[in-house]
Amino acid sequence: AQSVTQLGSHVSVSEGALVLLRCNYSSSVPPYLFWYVQYPNQGLQLLLKYTTGATLVKGINGFEAEFKKSETSFHLTKPSAHMSDAAEYFCAVSEGKNTGFQKLVFGTGTRLLVSP
Amino acid sequence: GAGVSQSPSNKVTEKGKDVELRCDPISGHTALYWYRQSLGQGLEFLIYFQGNSAPDKSGLPSDRFSAERTGGSVSTLTIQRTQQEDSAVYLCASSPNSRVQQETQYFGPGTRLLVL
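Chains S and F supply the protein sequences, listed in that same order.
Reminder that position 104 of the first sequence reads as 104 in the numbering used here, one-by-one numbering, no gaps.
Reminder that position 61 of the second sequence reads as 1061 in the numbering used here, one-by-one numbering, no gaps.
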């Protein structure tokens, strides 16, 4: 079965600093990878996804992620943090190819704290 | 257009009572998913529907949990004889077609269930 590991349950940065949220996956087949963001008391919102093609994926709100097959990683970055980026971020892999339908397997999440 | 909606947004119940959680997917989406988000377990897949059928129910935690979908639209997740460990946020998502592995799942705001 596929799985996702997010290192660091909490990451703290200063406003304007680089944001780096780590995600590693395990998959026996080429994966589809997703990053979702969850603001307090809200559902999950898609930030970006990797399917095929270009390994550097750009998403909303200035976020991007790079798929590195050799490292089985899909880390999320943003050059300059903003206070509004404070939220919980989830990395997910689609387990569909082994099940016949798209089932998302999520990491445990990383809470991003942004200080002034 | 309208996103995924869920009701109620919050539900407090007593142990042993039954509860029903409702999900209205995005119009036209044939696939509907239920996930549970709890402190101890993170985000867990529960069940999905393609149209009105649920081919895979293996994610349901126990036989106290059931779900149905009618008219290819609204879905209801029912928990019978609720237990305190059922306390969690129940998230619903929809996508145009569950068999397209790289599709985005659109999430509702969730129902926060507290079992006393």
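FYI, nobody ran anything at the bench for these hints, they're computed from the structure.
All C-beta atoms, glycine included, are put in the ideal place defined by N, C-alpha and C.
Honestly, I wouldn't trust all of these hints.
With the C-beta cut set under 7 Å, the calculated list includes, among others, these residues of chain F facing chain S [unchecked claim]: (1) Gly-1042; (2) Leu-1043; (3) Pro-1061; (4) Phe-1065; (5) Gln-1102; (6) Thr-1104; (7) Phe-1107; (8) Pro-1109; (9) Gly-1110.
Pairwise CB distance ranges (calculated) [as the list claims (entries may be wrong)]: (10) S:Ser-14 with F:Lys-1057: 44 to 50 Å; (11) F:Lys-1015 with S:Ser-28: 38 to 44 Å; (12) F:Ser-1007 with S:Leu-20: 35 to 41 Å; (13) F:Ser-1058 with S:Thr-55: 30 to 36 Å; (14) F:Thr-1070 with S:Leu-46: 33 to 39 Å; (15) F:Gln-1102 with S:Ala-17: 44 to 50 Å.
Sample of chain F residues with no beta-carbon within 12 Å of chain S, all distances over it, derived [unchecked claim]: (16) Val-1004; (17) Glu-1014; (18) Thr-1070; (19) Thr-1076; (20) Val-1089; (21) Arg-1112.
How the hints compare with the structure:
1. Gly-1042: F:Gly-1042 check passes; min Cβ-Cβ to chain S is 5 Å, inside 7 Å.
2. Leu-1043: It holds, given that the least Cβ distance between F:Leu-1043 and chain S is near 4 Å, below 7 Å.
3. Pro-1061: violated, 16 Å
4. Phe-1065: Hint violated; F:Phe-1065 Cβ to chain S Cβ min 17 Å, cut 7 Å.
5. Gln-1102: Since the shortest Cβ distance to chain S is 4 Å, the answer is holds.
6. Thr-1104: holds, 5 Å
7. Phe-1107: holds, 4 Å
8. Pro-1109: For F:Pro-1109, the interface hint holds, since the closest Cβ of chain S sits about 5 Å away, which is under 7 Å.
9. Gly-1110: For F:Gly-1110, the interface hint holds, since the closest Cβ of chain S sits about 6 Å away, which is under 7 Å.
10. S:Ser-14 with F:Lys-1057: 44 to 50 Å: holds, 46 Å
11. F:Lys-1015 with S:Ser-28: 38 to 44 Å: The hinted range 38 to 44 Å holds for F:Lys-1015 and S:Ser-28, with Cβ atoms some 41 Å apart.
12. F:Ser-1007 with S:Leu-20: 35 to 41 Å: At 38 Å between Cβs, range holds.
13. F:Ser-1058 with S:Thr-55: 30 to 36 Å: Distance hint for F:Ser-1058, S:Thr-55 holds at roughly 33 Å.
14. F:Thr-1070 with S:Leu-46: 33 to 39 Å: violated, 27 Å
15. F:Gln-1102 with S:Ala-17: 44 to 50 Å: The hint (44 to 50 Å, Cβ to Cβ) is violated, given that F:Gln-1102 and S:Ala-17 are roughly 32 Å apart.
16. Val-1004: The assertion about F:Val-1004 is violated, with a minimum of 7 Å to chain S.
17. Glu-1014: F:Glu-1014 is indeed farther than 12 Å from all Cβ atoms of chain S, at 24 Å.
18. Thr-1070: Label holds. Min Cβ-Cβ 20 Å, cutoff 12 Å.
19. Thr-1076: holds, 18 Å
20. Val-1089: violated, 9 Å
21. Arg-1112: It is violated; F:Arg-1112 is separated from chain S by about 8 Å at its closest Cβ, not greater than 12 Å.
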